[in-house]
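S.K.: The whole structure should be built from the sequences, with the hints applied where relevant.
So the chains spell out like this:
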Amino acid sequence: GAGVSQSPSNKVTEKGKDVELRCDPISGHTALYWYRQSLGQGLEFLIYFQGNSAPDKSGLPSDRFSAERTGGSVSTLTIQRTQQEDSAVYLCASNPTGTAYNEQFFGPGTRLTVL
Amino acid sequence: QKEVEQNSGPLSVPEGAIASLNCTYSDRGSQSFFWYRQYSGKSPELIMSIYSNGDKEDGRFTAQLNKASQYVSLLIRDSQPSDSATYLCAVNPGNTPLVFGKGTRLSVIA
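These protein sequences, in sequence, are chains A and B.
If you read the first sequence in our numbering, its first letter stands for residue 1, the second for the next number, and so on.
If you read the second sequence in our numbering, its first letter stands for residue 116, the second for the next number, and so on.
Hints are computed from structural coordinates only; laboratory data are not their basis.
Where a beta carbon is used, it is the ideal one built from N, C-alpha and C, also for glycine.
Be a bit skeptical, because a hint or two may be false.
Ranges of calculated distance between the beta carbons of each label pair, as one might list FRET restraints [claimed, not checked]:
no. : chain 1 : residue 1 : chain 2 : residue 2 : range
1   : B       : G156      : A       : T78       : 18 to 28 Å
2   : A       : G3        : B       : S141      : 42 to 52 Å
3   : B       : G144      : A       : G51       : 17 to 27 Å
4   : B       : Y166      : A       : G59       : 17 to 27 Å
5   : B       : G156      : A       : T76       : 20 to 30 Å
6   : B       : L126      : A       : S9        : 29 to 39 Å
7   : B       : E160      : A       : E20       : 25 to 35 Å
8   : A       : K57       : B       : S123      : 28 to 38 Å
9   : B       : E120      : A       : Y101      : 18 to 28 Å
10  : A       : S5        : B       : P129      : 35 to 45 Å
11  : B       : G156      : A       : G28       : 22 to 32 Å
Listed next, the stretches of chain A that the computed footprint assigns to chain B, with coverage defined by at least 3 CB atoms under 8 Å from CB atoms of chain B [to be verified]:
no. : region
12  : 8 to 17
13  : 75 to 87
M.R.: Laid out in structure tokens, this is it:
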């Protein structure tokens, strides 16, 4: 079946512009996660959606970052007034139930470059 | 703070040898454990999950879990150059997002 998809695959923007990154999780997966991976670094958790519950926003690095998930499916991560330090690969993952067994499946990522 | 520690490597092994990758975690209440493989420029790919103490084998891969020692390992038998990648250890401390280690870079030399 179809895996997690993300768009765009690459995004180049100028400092100060806003960007929107999209994630389509695997159909039926109730949990959705956003991570960020800077060059040569580990995965940095950003935000987590589980069903209709309030999202866990504890990983968002600043108030310039926000995300929403419409209809329990597609999610959009928005970065306002982008800065050069926002340059990274943004990864989305989904999980069937969000419970302890939590096998997460990743999309291909969006590579963001802020000039 | 929940932490997952891995040796960053690079770990170099000759083709055909056993590669041993190790991971320790800080939260004793962690419930499930995962190994992801990440090729350069690609996203992480789930290769093993383990939930109870002992060994779990899948093809050339064996995951080992010791909850008393808070230790997880991944063994790759008959290592191939195509196994060269970064291996990420991930731990689920509870009903919360996974905590990932920074990864160990494995290089299999032909």
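S.K.: Look at each hint and say if it fits the structure.
M.R.: Hint-by-hint comparison with the structure:
1. Judged by the Cβ atoms, the range 18 to 28 Å given for B:G156 and A:T78 holds: they are separated by roughly 25 Å.
2. In this structure the supplied range 42 to 52 Å is violated for A:G3 paired with B:S141, their Cβ-Cβ distance being about 31 Å.
3. A hinted range of 17 to 27 Å for the beta carbons of B:G144 and A:G51 is consistent with their spacing of about 23 Å.
4. The hint said 17 to 27 Å for the Cβ distance between B:Y166 and A:G59, and at roughly 25 Å that hint holds.
5. At about 24 Å, the CB distance of B:G156 to A:T76 agrees with the hint of 20 to 30 Å.
6. Between B:L126 and A:S9 the C-beta distance comes to about 30 Å, which sits within the given range of 29 to 39 Å.
7. Our hint of 25 to 35 Å for B:E160 and A:E20 holds, since their Cβ atoms are close to 26 Å apart.
8. Checked against the given bound of 28 to 38 Å, the beta carbons of A:K57 and B:S123, roughly 29 Å apart, stay inside it.
9. Taking 18 to 28 Å as the suggested C-beta distance range, the pair B:E120 and A:Y101 conforms, at roughly 23 Å.
10. A hinted range of 35 to 45 Å for the beta carbons of A:S5 and B:P129 is consistent with their spacing of about 38 Å.
11. The hint said 22 to 32 Å for the Cβ distance between B:G156 and A:G28, and at roughly 29 Å that hint holds.
12. Counting residues of the region 8 to 17 of chain A whose beta carbon lies closer than 8 Å to any beta carbon of chain B gives 0, which falls short of the minimum of three for the stated coverage.
13. Coverage of the region 75 to 87 of chain A by chain B is violated. Counting CB-CB distances below 8 Å, 0 residues qualify, and the rule asks for three or more.
Hint check: violations occur at hints 2, 12 and 13; the rest are consistent with the structure.
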